[in-house]
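Student: This is what each chain is made of:
Protein chains: 2
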Amino acid sequence: MSAVTALLFDVFGTVVNWREGISRDVAIIADQKGVSLDPAAFADSWRAEYQPAMEEVRSGRRSFTILDVLHRENLKKVATDFGLGALSAEDEDFLVTAWHRLPGWPDSSEGMLRLKQKFILGSQSNGNIALIVNMAKYANLPWDVVLGAEVVGHYKPQPKAYLNACTALGLATENCMMVAAHNDDLVEARAAGMKTAFVCRPTEHGVGQTKDLHAEQDWEFVAQDFNDLADKLGL
Amino acid sequence: MSAVTALLFDVFGTVVNWREGISRDVAIIADQKGVSLDPAAFADSWRAEYQPAMEEVRSGRRSFTILDVLHRENLKKVATDFGLGALSAEDEDFLVTAWHRLPGWPDSSEGMLRLKQKFILGSQSNGNIALIVNMAKYANLPWDVVLGAEVVGHYKPQPKAYLNACTALGLATENCMMVAAHNDDLVEARAAGMKTAFVCRPTEHGVGQTKDLHAEQDWEFVAQDFNDLADKLGL
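Line by line, the protein sequences are chains F and D.
When we follow our numbering, the leftmost residue of the first sequence carries the number 287, and every step to the right adds one.
When we follow our numbering, the leftmost residue of the second sequence carries the number 287, and every step to the right adds one.
With the rest of the complex left out, here is chain F (with noise of 0.2 Å):
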């Protein structure tokens, strides 16, 4: 196997823990407003428009715009549906930005200081960086790079979305593993020539998760979380 140089990590779901953050915040405000909804089913709403949002960008018929943008809109849809009504410019902020300040999962922070030691970490995610910079800060993800949607211009699984990000970083495909904790995004990985490795995320999406509990390919890499794949890739 040649040698691997860099990991490029998926970022919501396999670095972090989306839907407790978003769930977290929504209820601060639902609490203000005096609402009565459920913080989980709103993460899931919301996060259910992001990939028909960025579909209109990969699709071309909207030019590349940045992911906090696509949450804003996406935030006043779901926002109605769940009575939370019109949102003062102060709430939505903070609710835009409540995906700045989602918590690593408990292995996050101290497996990526161990895999750092040999690797160049880079994200490799449809956040954009203010997002990504934020999100480090607060969940302490030591990067490398920021590299993802806004670096390189394409939304994944568009192929030149893992291309671009290898070439960004002077690397042949195969010098760079991809590490997500969703089968699709490595199939796409792997379709454009790098190495693979799947985490286990058995609750990004709740206790009664179906999807991506296991496996689905042969990937270089299977760990059940990053201080796995750390002992994995003998640190």
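Keep in mind that the hints are not guaranteed to be accurate.
Copies of the same chain look alike in the list, so a pair counts if it works inside one copy or between any two.
Lysine-lysine pairs mimicking PhoX-like chemistry, simulated, CA-CA at most 25 Å apart [unchecked claim]:
id, residue 1, residue 2
1, K402, K423
2, K404, K423
3, K423, K518
4, K319, K423
5, K497, K423
Bear in mind the hints are in silico, worked out from the structure with no lab data behind them.
These numbers come from a predicted model, not from an experiment.
Starting from the structure of chain F, add chain D where the hints point.
Tutor: The following block gives chain D in isolation, referenced to the frame of chain F:
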């Protein structure tokens, strides 16, 4: 004064000692080839080609081209001038990536680790992403984010080089401070609305240096090195 959230650093000269690093590596090649040359003069000559090469891009005569490519083109010219003749592909790669292996100033790593406790630290260099990432691993530079020319698509001192870096962080320019050892870099950063910090690097160009020995405007901060800057920023 409005709060500063991010420090954006010039890199060549401000964070790393390019003249020492290039001298060290060209001396290795000259020895191997049995060529007698002044390594520091070689470094100066190579560096002298830097601005004219970027000016081709800034002027619009050439589409955006990363610095590794410009360094490689300029190397051929300087190698001939200094009697190294045609370089093998291996020697050429070694010298082009010498810019990825530049040593930090003695205070760089420690001072940045202190500054990182309070601020977002971004590189705002004309170096490309791979160059800055590899240099950070080599010299232990704890960036939160690699910005600069390849991310924003513009070479300093074009105004968009400064403006787009702040925008990528989701910040107004007044909430970002440019840290540089070069007065002319700070002039442009201030014109873009950024705060400014001058850090004196009196031997960047060797012991006979005559330029940038003093702050030439009333920059918000003037420091002797990064530890002094950390002191002055209350860390």
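Student: Does each hint fit the structure? Answer for all of them.
Tutor: Hints and how they fare:
1. K402 with K423: both (16 Å within a copy, 9 Å between copies)
2. K404 with K423: both (22 Å within a copy, 10 Å between copies)
3. K423 with K518: between (27 Å within a copy, 22 Å between copies)
4. K319 with K423: Neither: 29 Å inside a copy, 48 Å across copies.
5. K497 with K423: neither (30 Å within a copy, 37 Å between copies)
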